[in-house]
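Q: These are the residues of each chain, in order.
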Amino acid sequence: MNILLLWFHKLGSPPTFYRLAGLLLPWCYGIGLVLGLVALYGGLVLAPRDYQQGDAYRIIFVHVPTAWMSLFAYAFMAANAFIALVWHIKLSEILAIASAPIGAAFTLIALVTGALWGKPMWGTWWTWDARLTSELVLLFLYLGVIGLNAAIEDRRQAARAAGFLALVGIVNLPIVHFSVNWWNTLHQGSTVRLMGPSKIDAAMVWPLLLMALATHIWFFGSVLMRARIALLQLEGGKDWVRRVALDEGAGND
Amino acid sequence: MTEFIAMGGYAFYVWTSVAVFFGVLAAEALAPLAQRRRVLSEIRGRLQRRAARAQPPRGEAP
Numbered sequence: 004m005n006i007l008l009l010w011f012h013k014l015g016s017p018p019t020f021y022r023l024a025g026l027l028l029p030w031c032y033g034i035g036l037v038l039g040l041v042a043l044y045g046g047l048v049l050a051p052r053d054y055q056q057g058d059a060y061r062i063i064f065v066h067v068p069t070a071w072m073s074l075f076a077y078a079f080m081a082a083n084a085f086i087a088l089v090w091h092i093k094l095s096e097i098l099a100i101a102s103a104p105i106g107a108a109f110t111l112i113a114l115v116t117g118a119l120w121g122k123p124m125w126g127t128w129w130t131w132d133a134r135l136t137s138e139l140v141l142l143f144l145y146l147g148v149i150g151l152n153a154a155i156e157d158r159r160q161a162a163r164a165a166g167f168l169a170l171v172g173i174v175n176l177p178i179v180h181f182s183v184n185w186w187n188t189l190h191q192g193s194t195v196r197l198m199g200p201s202k203i204d205a206a207m208v209w210p211l212l213l214m215a216l217a218t219h220i221w222f223f224g225s226v227l228m229r230a231r232i233a234l235l236q237l238e239g240g241k242d243w244v245r246r247v248a249l250d251e252g253a254g255n256d
Numbered sequence: 020m021t022e023f024i025a026m027g028g029y030a031f032y033v034w035t036s037v038a039v040f041f042g043v044l045a046a047e048a049l050a051p052l053a054q055r056r057r058v059l060s061e062i063r064g065r066l067q068r069r070a071a072r073a074q075p076p077r078g079e080a081p
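Quick note, the sequences are listed as chains L and U, same order.
Using our numbering, the letters of the first sequence map in sequence onto residues 4 to 256.
Using our numbering, the letters of the second sequence map in sequence onto residues 20 to 81.
Honestly, the hints are just simulated from the structure, not real lab data.
Only a predicted model underlies this, so the values are computations on that prediction, with no experimental measurement involved.
Where a beta carbon is used, it is the ideal one built from N, C-alpha and C, also for glycine.
Where hints are given, some of them may not hold.
[Stated by the list, open to error] A few chain L residues that face chain U, going by a derived Cβ cut-off under 8 Å, partial list only: (1) A59; (2) P104; (3) K202; (4) D204.
[Claimed, not checked] These stretches of chain L come out as covered by chain U in the derived footprint (C-beta under 8 Å, 3 or more residues): (5) 47-57; (6) 62-72; (7) 117-123; (8) 226-239.
With the rest of the complex left out, here is chain U (with noise of 0.2 Å):
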């Protein structure tokens, strides 16, 4: 195990090398998803505004 994690003595370029992969992907996976809440809200922000003005919304299908 010992000899595992030490890597031959390369065990800080071939760990980053491991952990800068996991990093980079998983925040570029994470990230999309506080987009996705963002956009949501907008959308429903956009509704709500339109609700309380009170009035049928225009220019729709009867």
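So here's chain L without its partners, still in its complex pose (with noise of 0.2 Å):
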């Protein structure tokens, strides 16, 4: 075996991976909110007015970051779903299920601040714009594979029929994206693209990107800190469960 597959096989031993990102996490967590933090600051403070929006447009320093990932934690929830399915890696399914709160919460915030934005520049919080349906259709999504894993007793089982959901829902990603090419309604066409020059200051672009690394780092650090729990309810019955289960309560409760 190859160093990088046995490497790979280790890393997917649940104590190896428990410990790993149980020192991780608490990385993430902090350089996220740092990131965060910096983030904010350029974006309320720093950056200069817009010229059309006035001060309203700086809710895009937390709209539009948290927008990207509700469909980078779907991505990323799919992608693990389709591993979990194909390949029966239980680890994948431990990943895909905790990301999607983690996505729901990203999404829900998106659509909040969304209509918060909607208010002062659209006049009305909600319209069945094409973005605004599909977004909402993904926090259903992220909903329905939340809902459907808990209400199967067996965790394996559970896993594998809501990974079977998320997999089904990656229709939605595209129609997310380019709802505002395909439609032509209220909601703004892409700010920052990856294609060509972005229609923005550089004064604004930094706040955002560095923002959007942020929310992403954040999202891993959440990632690990769900994926242990469930390592320690999934493998309750083993060794290593029965170590750390111990030594918490040799410490604190």
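Now that you have both chains on their own, put them together as the hints suggest.
A: If you want it as structure tokens, here you go:
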């Protein structure tokens, strides 16, 4: 077995993953928080006022990164669900299910901040615009995955059923992403583009990208946190879990 | 400073957005802590019940 495969297998073993995740996650939360605060400072204080939208545009610094995360978390969840369904890898099942509530949280923030941005700019909290509707469907998909996973007693079977739903729901991702191009409605088009120049000033774009980085790092911290708990639950009878439980019990509560 | 808080008249929308951002993410990050405590105490409970039966658990390696 080559060294990479060996390393991969070791990483996939629950006690090793549990330990490494425990080492990584305070860094993810810490760095995510610091970068997020710097990005907000850049966005709310340093960035200039928008000539059309005034200061209301500053909602972009929480709205757009969380909306990106709602798609990224879904892609991460679906990719893990795919690996779990095809290769029956326990850790992938866990990572897929762990990312669902985090993705749902980001989707909720994107929807609520979108409404808070829509009211002063469009004059309405909500409209059945293609982008808004498909993002709402995304939230329901996340809730469906969480609900289906919770409804089935057997943890492995629950993860497989929920993973299947996550895979089916992936058709919604391109709809969310391209909705502003396919249907000409209220929601504005993409401001920051990977291909070609962004339609935004540099003083505005760095806080936006930094916030995107911060939310990604935070996402991984949260995934590790939730995956660790799921591992404890799934491996409840194993020796290493017993040791973890007894060590923590001797500590505080 | 007052000008900063006023956000050009959009204070309510901007600051509510920021509050929602922090509030939802904080809730999302804190929720697993309680769940973790519950899972670990469940496991400890199971171990204690097994020890209380004062019988060596069956089906384990000698």
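Q: Confirm or reject each hint.
A: Evaluation of the provided hints:
Taken as an interface hint, L:A59 checks out: its beta carbon lies about 4 Å from the nearest beta carbon of chain U, inside 8 Å. Hint status for L:P104: holds, given a least beta-carbon distance of 7 Å to chain U, under 8 Å. Hint status for L:K202: violated, given a least beta-carbon distance of 21 Å to chain U, over 8 Å. A cut of 8 Å between beta carbons decides the hint on L:D204: the least distance to chain U is about 17 Å, and the hint is violated.
Check on the segment 47-57 of chain L: 4 of its residues sit with their Cβ under 8 Å from a Cβ of chain U, so the three-residue criterion for coverage holds. A stretch counts as covered by a chain when three or more of its residues have a beta carbon under 8 Å from one of that chain; for the segment 62-72 of chain L and chain U the count is 4, and the coverage holds. Coverage of the segment 117-123 of chain L by chain U holds [criterion: at least 3 residues with CB-CB distance below 8 Å; count 4]. Chain U is given as covering the segment 226-239 of chain L, and this holds because 7 residues of the stretch bring a CB closer than 8 Å to a CB of that chain, at least three being needed.
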